[in-house]
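Chemist: What follows is the residue order along each chain.
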Amino acid sequence: MSFGKRIGGIAFALAISVAGSAGLAASALAADATIVWGKPAEITGFDVHVAGTVASWEMYQMVYETLLTTDENLKLQPGLAESWQQTSPTTYVFKLRANAKFSNGRPVTADDVIGNLERIKNPETASYWSAQLGNIAKMEAPDDHTVTIELESPHPALLAALAHITAAIIPIKELKDGSFDPTKDLLGSGPFMVSEHKQDESWTFVRNPNYWQSGEPVADRLEVPIIPDESARMAALRDGRIDFTTFENPDAVQMLGKDANIKVISQQTTNYYRVDVNALSEKSPFHDKRIRQAMNLALDRDAINNLVFGGTTRVDYPVPAAFGKDACHADPVYALSRDERVKKAQALLKEAGKEHPTVRLMATSANPVLGRIAQVMQQSLQEAGFTVAIEQPPTAEYLQKVFTDGDFDMALSWLAGYTDPTMVIAWWNPKFAVWNQVFQEEVPALSAALDEVKTMEDGPARDGKLKEICSLIDDSSNLLALVSKTDYIAYRSDKIELKVPAHSGSSNTFQYIAAFKSLD
Amino acid sequence: MRLLVYFAPKLALALVTMLGVSVLVFLALRFLPGGYADILLGPFATPDARKVIAERYGLDQPMIVQYGRWLLAMSQGDFGVSMVTRRSVIAEFLRRAPVTLELASLSLGLVLLVGVPLGVAAGAAASDRPQGGLARLVGALGASVPDFVLGSALIFVFSVWSLWLRVGGYVPFFDDPVTNMRVMILPTVTLSVFGIALVLRTTRDAVLRVMTEGYITAAVARGENPRNIIRLHVLRNAAIPVVTVVTTYFGFLLGGAVVVEVLFSIPGVGLYAFNGLLNRDYAIVQTGVLLAAAVFIAINMLADLLYAIIDPRIGSGSGR
Numbered sequence: 001m002s003f004g005k006r007i008g009g010i011a012f013a014l015a016i017s018v019a020g021s022a023g024l025a026a027s028a029l030a031a032d033a034t035i036v037w038g039k040p041a042e043i044t045g046f047d048v049h050v051a052g053t054v055a056s057w058e059m060y061q062m063v064y065e066t067l068l069t070t071d072e073n074l075k076l077q078p079g080l081a082e083s084w085q086q087t088s089p090t091t092y093v094f095k096l097r098a099n100a101k102f103s104n105g106r107p108v109t110a111d112d113v114i115g116n117l118e119r120i121k122n123p124e125t126a127s128y129w130s131a132q133l134g135n136i137a138k139m140e141a142p143d144d145h146t147v148t149i150e151l152e153s154p155h156p157a158l159l160a161a162l163a164h165i166t167a168a169i170i171p172i173k174e175l176k177d178g179s180f181d182p183t184k185d186l187l188g189s190g191p192f193m194v195s196e197h198k199q200d201e202s203w204t205f206v207r208n209p210n211y212w213q214s215g216e217p218v219a220d221r222l223e224v225p226i227i228p229d230e231s232a233r234m235a236a237l238r239d240g241r242i243d244f245t246t247f248e249n250p251d252a253v254q255m256l257g258k259d260a261n262i263k264v265i266s267q268q269t270t271n272y273y274r275v276d277v278n279a280l281s282e283k284s285p286f287h288d289k290r291i292r293q294a295m296n297l298a299l300d301r302d303a304i305n306n307l308v309f310g311g312t313t314r315v316d317y318p319v320p321a322a323f324g325k326d327a328c329h330a331d332p333v334y335a336l337s338r339d340e341r342v343k344k345a346q347a348l349l350k351e352a353g354k355e356h357p358t359v360r361l362m363a364t365s366a367n368p369v370l371g372r373i374a375q376v377m378q379q380s381l382q383e384a385g386f387t388v389a390i391e392q393p394p395t396a397e398y399l400q401k402v403f404t405d406g407d408f409d410m411a412l413s414w415l416a417g418y419t420d421p422t423m424v425i426a427w428w429n430p431k432f433a434v435w436n437q438v439f440q441e442e443v444p445a446l447s448a449a450l451d452e453v454k455t456m457e458d459g460p461a462r463d464g465k466l467k468e469i470c471s472l473i474d475d476s477s478n479l480l481a482l483v484s485k486t487d488y489i490a491y492r493s494d495k496i497e498l499k500v501p502a503h504s505g506s507s508n509t510f511q512y513i514a515a516f517k518s519l520d
Numbered sequence: 001m002r003l004l005v006y007f008a009p010k011l012a013l014a015l016v017t018m019l020g021v022s023v024l025v026f027l028a029l030r031f032l033p034g035g036y037a038d039i040l041l042g043p044f045a046t047p048d049a050r051k052v053i054a055e056r057y058g059l060d061q062p063m064i065v066q067y068g069r070w071l072l073a074m075s076q077g078d079f080g081v082s083m084v085t086r087r088s089v090i091a092e093f094l095r096r097a098p099v100t101l102e103l104a105s106l107s108l109g110l111v112l113l114v115g116v117p118l119g120v121a122a123g124a125a126a127s128d129r130p131q132g133g134l135a136r137l138v139g140a141l142g143a144s145v146p147d148f149v150l151g152s153a154l155i156f157v158f159s160v161w162s163l164w165l166r167v168g169g170y171v172p173f174f175d176d177p178v179t180n181m182r183v184m185i186l187p188t189v190t191l192s193v194f195g196i197a198l199v200l201r202t203t204r205d206a207v208l209r210v211m212t213e214g215y216i217t218a219a220v221a222r223g224e225n226p227r228n229i230i231r232l233h234v235l236r237n238a239a240i241p242v243v244t245v246v247t248t249y250f251g252f253l254l255g256g257a258v259v260v261e262v263l264f265s266i267p268g269v270g271l272y273a274f275n276g277l278l279n280r281d282y283a284i285v286q287t288g289v290l291l292a293a294a295v296f297i298a299i300n301m302l303a304d305l306l307y308a309i310i311d312p313r314i315g316s317g318s319g320r
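First to last, the protein sequences are chains W and D.
Each residue of the first sequence is one higher than the last, beginning at 1 in UniProt numbering.
Each residue of the second sequence is one higher than the last, beginning at 1 in UniProt numbering.
Treat the hints with care, as some may be off.
[Unchecked claim] Have a look at the derived ranges for each label pair, beta carbon to beta carbon:
#1 S83/W with E55/D: 38 to 48 Å
#2 L232/D with N249/W: 55 to 65 Å
#3 A28/D with G353/W: 22 to 32 Å
#4 L163/D with S83/W: 55 to 65 Å
#5 A260/W with A97/D: 51 to 61 Å
#6 D177/W with D48/D: 40 to 50 Å
#7 L71/D with P123/W: 54 to 64 Å
#8 A33/W with V160/D: 42 to 52 Å
#9 K51/D with R106/W: 25 to 35 Å
#10 L71/D with T183/W: 42 to 52 Å
#11 A33/W with A97/D: 52 to 62 Å
[Unchecked claim] Derived pair list, reagent style DSSO-like, types lysine-lysine, alpha-carbon separation capped at 30 Å:
#12 K465/W with K75/W
#13 K173/W with K10/D
#14 K51/D with K138/W
#15 K283/W with K51/D
[Said to hold, decoys possible] Beyond 10 Å from chain W on every Cβ pair, some chain D residues (computed):
#16 G34
#17 A49
#18 I53
#19 P226
#20 L263
#21 N279
To be clear, the hints were calculated from the coordinates, so they are not data collected in a lab.
In this text, all values refer to a predicted model and were calculated from it rather than measured experimentally.
We put the CB at the ideal spot given by N, CA and C, even for glycine.
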């Protein structure tokens, strides 16, 4: 056969395949109670007690439950425990739901709860959540549905820590008998259970027939295609392939605004963008506290909000703004005018003998929003005399350089604010956090105040201590809050009815997923 | 027998090459900054936690031990498991291979359909004719626009105005052929543009070279039909460089359509290997690179076989 004929043959075959299949066009899925979530990222591992990434937490929340949860005002609510009682400053009693079962049909028992907390506390599990639970002295199960936890010392944030997905209750009996491997499978008591998983491609969940909440989940199936590209998620939302998704970039919201069937909800979170400053490396200009303070003063958080987020978020503080506290508001970096701050920053640089320091600002390339924040920071710091070089390595390299090697000057990221101010602020003590030991300078007065505030119940005395802590953080200028991390949830109002909390403290954006209803 | 003698040394060289590739990819991955523990634990990767994860996946062993274990396992058909899912990576590659094969085949089809005719037309025509100018324009544009730029532009445009096409959301051909085509057209075009330029230029140069040969001049002098001259004399003699480029390019497509798969979320082997690299999921990347190398070597050997068939002097010891 001649070359031309071969080419003709290929073209003919292609034409036949397209034409022959035309009759099958528009074969939409049969209408059923399926809801479709276009998720931006895949999980990084299966183990709910180990993975420290939000992409993983969001997926676990479809399957797993915690003892307690929070409402949209960040107040504690019943979860697998229908009630709880603090019987002394160090003792808590939890009553489990009698009808709570894992999706395999076995009831959730007190032994499961104790086994889970023991697993999280076990160093062999490598769970970063261990520290947030405080020091547990003893756990007992007076009966199958009662758990008593006794702490070594008061730790009011225990309840909030139990409401985070990393403290999820997995079936311990099945783990011990080898019928369930939490590093390979998901098996929980939540509204859905996994039906199929194609790595980096999609998940399919079906309803958990043993879910304790009567009538939920409303949907029979939950399809979760993984769509990292923002434009592709927008296209999928427009043509109805997905019912809901999230964006970090507010530009996406503006681009979707013209479509009458697409609605956008801005969810306020306790999470915030932050910058880590390397105080420990002698190679970093920030080894000198005055240069860190100058940088902190020169940062224009309002410009980040306006230029990157179009004014849709807000300036944030070490004690997250979403908690409604005013702990940090009076600190100079927030209270002084921009001009005053820049002048003060320039004076500090002069005093340090480095009027024009050059610094490296690292932002992982995985999140385009961080790159844009970096550009605004670059400009605002320049006004005080800094020259900022932006670096955007891949995530793994970024993580090693910042948290293992301490090979950086400044690094952009964001911090989960959780549901209690003392949980997030605890990370400022490098002995407690550990992960920031390579760049975070220990300030004894700050560490002592952080240890103290952890033992205090919410109230005026704790608020006073939080103010003191904020001033110390401001002074050391080592780990800084920038602006709140707003989550933008876009959905097809003609295809789905959804309920989303106005505030989220544990990246539990879709905590009411069981109530989502398909309109197809 | 002639072909066997010709191919035996090539096979031996292929095995040595594969061994070299395995060493290189193994070392390159281990020297990359960041590991799976960083990805799994996120910023909370304390030294103790990282140590636990390293022990869990055997990453605490000396590199020579890790490499030896990998080679031994591979010799028994075990290519390892993904650290994210703990599932067999070879099974995952096989599941995804048809997707990449489809993308590569569509792309190759488009490359041949556009590149060869334009190249022949440009080579056969006088340089001032319109087809010559068009070929030069297509060649220059195709060779100079990177995949990720073209792909990003197409995604942006077609996510705003779909024009029947679809951005992302792969559907297997046998599930829904029409939707499959709607999804695959943009990635195919993105992936093909460079190939079209490559094949077009190669074909043009080959045809131009053959057109200056004495036997073509003789055929023209004999008054043969120009179409017959192209079909019977030029195409056959210009085929070898074109076959070389096309087979090499197909190997590249099968093993390296990573950028396009990532851009369009096409769940092929490229996307799998790319995510494996980002996650420092070593077994995925090691297997992916080895498979890509194997495909590339196999396709090159296939090209050699085609030469030997097209030109019997090759491999006979009497010719080139």
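Chemist: Now look at each hint and say whether the structure bears it out.
Modeler: Checked hints:
1. A C-beta distance of roughly 41 Å is found between S83/W and E55/D, which places it inside the suggested range of 38 to 48 Å.
2. The hinted window of 55 to 65 Å between L232/D and N249/W holds, with their beta carbons roughly 59 Å apart.
3. Here the CB-CB span from A28/D to G353/W is close to 43 Å, at odds with the stated 22 to 32 Å.
4. In this structure the hint that L163/D and S83/W lie 55 to 65 Å apart at CB holds, the actual value being about 58 Å.
5. Checking the proposed 51 to 61 Å range against A260/W and A97/D shows it is violated: the Cβ atoms sit about 42 Å from each other.
6. Checked against the given bound of 40 to 50 Å, the beta carbons of D177/W and D48/D, roughly 28 Å apart, lie outside it.
7. A hinted range of 54 to 64 Å is violated for the C-beta pair L71/D and P123/W, which are about 33 Å apart.
8. At about 31 Å, the CB distance of A33/W to V160/D disagrees with the hint of 42 to 52 Å.
9. Roughly 34 Å separates the CB atoms of K51/D and R106/W, a value that falls within the hinted 25 to 35 Å.
10. For the hinted restraint 42 to 52 Å between L71/D and T183/W, the CB-CB distance of approximately 25 Å leaves it violated.
11. Between A33/W and A97/D the Cβ separation comes to about 34 Å, which falls outside the hinted range of 52 to 62 Å.
12. At roughly 21 Å between alpha-carbon atoms, K465/W and K75/W fall within 30 Å of each other, so this suggested pair holds.
13. Under the criterion of a C-alpha separation no larger than 30 Å, the hint pairing K173/W with K10/D is inconsistent with the structure, at around 57 Å.
14. For the given pair, K51/D sits about 28 Å from K138/W by alpha-carbon distance, which is consistent with the 30 Å threshold.
15. As the CA atoms of K283/W and K51/D are separated by approximately 27 Å, the hinted pair is consistent with the 30 Å bound.
16. Not every CB of chain W is more than 10 Å from the CB of G34/D (nearest about 3 Å), against its label as outside the interface.
17. Distance to chain W contradicts A49/D as a non-interface residue, since its nearest Cβ pair spans about 4 Å, not more than 10 Å.
18. Against chain W, the non-interface label of I53/D is violated: not every CB pair exceeds 10 Å, the least being about 6 Å.
19. Separation of P226/D from chain W is adequate, the least Cβ-Cβ distance of about 14 Å exceeding the 10 Å criterion.
20. Not every Cβ of chain W is farther than 10 Å from the Cβ of L263/D; the closest lies at roughly 7 Å, contradicting the non-interface assignment.
21. Look at N279/D: its CB is around 7 Å from the nearest CB on chain W, not clear of 10 Å, so calling it non-interface is violated.
Violation of the numbered hints given earlier is confined to hints 3, 5, 6, 7, 8, 10, 11, 13, 16, 17, 18, 20, 21; the remaining hints are satisfied by the structure.
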